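Using the sequences and the hints, build the whole thing.
FYI, the numbering for the sequence shown is 1 to 432, going by my numbering.
Calculated from the structure, these hints are not laboratory results.
Mixed in with the good hints there might be a few duds.
As the list claims (entries may be wrong) - The calculated EDC-like cross-link candidates involving lysine to aspartate or glutamate, where the alpha carbons are at most 20 Å apart (straight line), are:
| # | residue 1 | residue 2 |
| --- | --- | --- |
| 1 | K38 | D100 |
| 2 | K38 | E73 |
| 3 | K398 | E428 |
As the list claims (entries may be wrong) - Okay, the calculated beta carbon distance ranges per label pair:
| # | residue 1 | residue 2 | range |
| --- | --- | --- | --- |
| 4 | S18 | V407 | 32 to 38 Å |
| 5 | D331 | R157 | 55 to 61 Å |
| 6 | D383 | L360 | 33 to 39 Å |
| 7 | Q387 | P141 | 46 to 52 Å |
| 8 | G408 | L360 | 28 to 34 Å |
| 9 | D88 | A230 | 24 to 30 Å |
| 10 | V407 | F99 | 38 to 44 Å |
| 11 | Q387 | H7 | 30 to 36 Å |
Remember, predicted model here, so these are calculated numbers, not experimental data.
Glycine included, every Cβ here is placed at the ideal spot set by N, Cα and C.
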Amino acid sequence: MSTSTRHCPALLIAAPASGQGKTTVTAALARLHTRQGKRVRVFKCGPDFLDPMILARASGAPVYQLDLWMIGEAESRRLLWEAAAEADLILIEGVMGLFDGSPSAADLARCFGVPVMAVINGAAMAQTFGALAVGLATYQPGLPFSGVLGNRVGSQRHSDLIRDSLPAWLRWYGSLPRSAEVELPSRHLGLVQAEELADLDARLDAAADALAASASVELPPAVAFEAPHAQALQPLLEGVRIGVARDTSFAFIYQANLDLLRALGAELRFFSPLTDTTLPEVDSLYLPGGYPELHLAPLAENRAMADAIRAHHEAGKPTLAECGGMLYLLDALTDAEGAHAELVGLLPGSAMMQKRLVALALQEVELPGGALRGHTYHHSRLDSPLQPLARGTCPNDKPVAEAVFRVGRLTASYIHFYLPSNPAAAAELLRP
1 MSTSTRHCPA
11 LLIAAPASGQ
21 GKTTVTAALA
31 RLHTRQGKRV
41 RVFKCGPDFL
51 DPMILARASG
61 APVYQLDLWM
71 IGEAESRRLL
81 WEAAAEADLI
91 LIEGVMGLFD
101 GSPSAADLAR
111 CFGVPVMAVI
121 NGAAMAQTFG
131 ALAVGLATYQ
141 PGLPFSGVLG
151 NRVGSQRHSD
161 LIRDSLPAWL
171 RWYGSLPRSA
181 EVELPSRHLG
191 LVQAEELADL
201 DARLDAAADA
211 LAASASVELP
221 PAVAFEAPHA
231 QALQPLLEGV
241 RIGVARDTSF
251 AFIYQANLDL
261 LRALGAELRF
271 FSPLTDTTLP
281 EVDSLYLPGG
291 YPELHLAPLA
301 ENRAMADAIR
311 AHHEAGKPTL
321 AECGGMLYLL
331 DALTDAEGAH
341 AELVGLLPGS
351 AMMQKRLVAL
361 ALQEVELPGG
371 ALRGHTYHHS
381 RLDSPLQPLA
391 RGTCPNDKPV
401 AEAVFRVGRL
411 TASYIHFYLP
421 SNPAAAAELL
431 RP
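Below you can see the structure in the form of C-alpha cells.
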C-alpha cells in the first residue's frame, strides 16, 4: 500500500432532485455514527452556507466544500486526503439532483471513486421507487453507486414496499419517516440557521434513532484517497488583524476562507454588527453574507457600529463585503414586506428584497490582484450609481455577471468569494 494513499469509508449522499431530504439524511448519518464513537467528517458538494451549519452540529466538526470548479480538483483532493487521516467515516452531501449542473455531484463521485447513496422521497410512491433507483444507478456508466434510502415514508408497510422494489444488487440503507420531529425547517435562502433552532439536537437525535431502527448501519467500504501535490503558502497577511463580522445577520462564510486567512498569517478577531458598539483593534474588515434583511431594526439602530465602520473606511483601511455584508453598507435596505431602514451609508444606493430568487450562479471575476471564484445567490435588487470595477462571468454560460464595486479600499459584491481559489488575490483585498 502506497504511503501517499489513505483509506477511509465514504459515501456521497445524492438525490434525484432538490427537496428530497439530503441534508436531513446526511445529518442523521453523521449524528448516528458520531454517537457510536466514530470520527465523522462531512463535506458539502458545491457552494452552500446553511447546510454545513446543520452538518457541523450533527458531526461535531467543521464542514468544508468540495467542487470540481469553484474549489478545484486539486484542492478537493487535498481536503479529502487530510480528512481520511483522522476520520472513521467521510460523508459528502450532494447538491441538487445527482446529475444536475456542470460539474455535478455525480462528476465528483466519479472523480474520487466515492460510492453514491441516493435519497429518494418515497412519500407518494411504492414500486416506482425501484425504477427511480435503478435509473439513478445506471444512467451514467462508471458511476460508483452503492444503494438508496427512502425518505418521508408513511409506515413500516410503506417502507417494506419500497425496499422490496429494489433489485438485489442495490443496497437498502433504510428509511426515515414522514415526521415533523426530524424535518429541518427552511425559508427563502434555504434551511434555517443552526443557531436559530433551539431543538436542533433533538431533531438530529430523532433522525438518527429512526435511521438506526430501519436498517443495518455498518460502515460503507473504504475508499482510497490519493495524496495531493503540496503547495506552500507565502505569509502574505503576516501580522494583519482582520475583523470578521459573525452573528445571525452575517454568518455566510466558508470555513476554508477563515483557514486560508490564518494560514496566510492573519489574526482573526470576530465581532457582531448586531450587538457590539465598537470594532476590535483591526487593520482590515471582512463582512460576509447573511440575513441583514431579517434584522433591519437592530442593525439600523446600532449607529455606534455604523460610525465605527465608517471611521475604519475613512482611515483608508481595507474592507471586503460580500452579498449581505454589501447590503449592510448601502444607504438603505427595504425588506420583502416593505420595511425600510437606513444603514451604514458607505456605498451609495439602496436595495430591495424580492419575493423570488434574483440570481443563482457560479462566478469568476478578474480583479487587479488576480482572478477569484465564488458564487452568487440572492433575493434582492440593487440600485446604485456606482460603476463596477469588474464583473463576474459564469462557467455554465448563465447570463449572470455580478458587479464588483471599489470605493477607496472597500471592495463589495454580491459574489461570495471562495478565497482559496487564489490566495494571492485574496490577500490583496485585505492587506493594508
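Against the range 24 to 30 Å, how does the distance between the Cβ atoms of D88 and A230 compare: consistent or not? holds, 25 Å
Measure nothing beyond the straight line between the CA atoms of K398 and E428; if it is 20 Å or shorter, mark the hint as holding. violated, 28 Å
The hint says 55 to 61 Å between D331 and R157; measuring C-beta to C-beta, is that right? holds, 60 Å
Could you check the hint for me, namely that Q387 and H7 are 30 to 36 Å apart, CB to CB? violated, 53 Å
Hinted pair, alpha-carbon criterion (20 Å max): K38, E73. Please report holds or violated. Given that 20 Å is the threshold and the Cα spacing comes to 27 Å, the pair is violated.
Given a hinted range of 33 to 39 Å, is it respected by the beta-carbon distance of D383 and L360? violated, 20 Å
Is it true that the C-beta distance of Q387 to P141 lies inside 46 to 52 Å, as the hint says? Check passed, 49 Å falls within 46 to 52 Å.
In this structure, is the beta-carbon distance linking S18 and V407 contained in 32 to 38 Å? This hint holds: roughly 37 Å between Cβ atoms.
Pair hint K38 and D100, alpha-carbon separation not exceeding 20 Å: violated, 32 Å
L360 and G408 - C-beta distance against the hinted 28 to 34 Å: holds, 30 Å
May I ask you to test the hint 38 to 44 Å on the CB atoms belonging to V407 and F99? holds, 42 Å
Consistency note: the structure conflicts with the earlier hints numbered 1, 2, 3, 6, 11.
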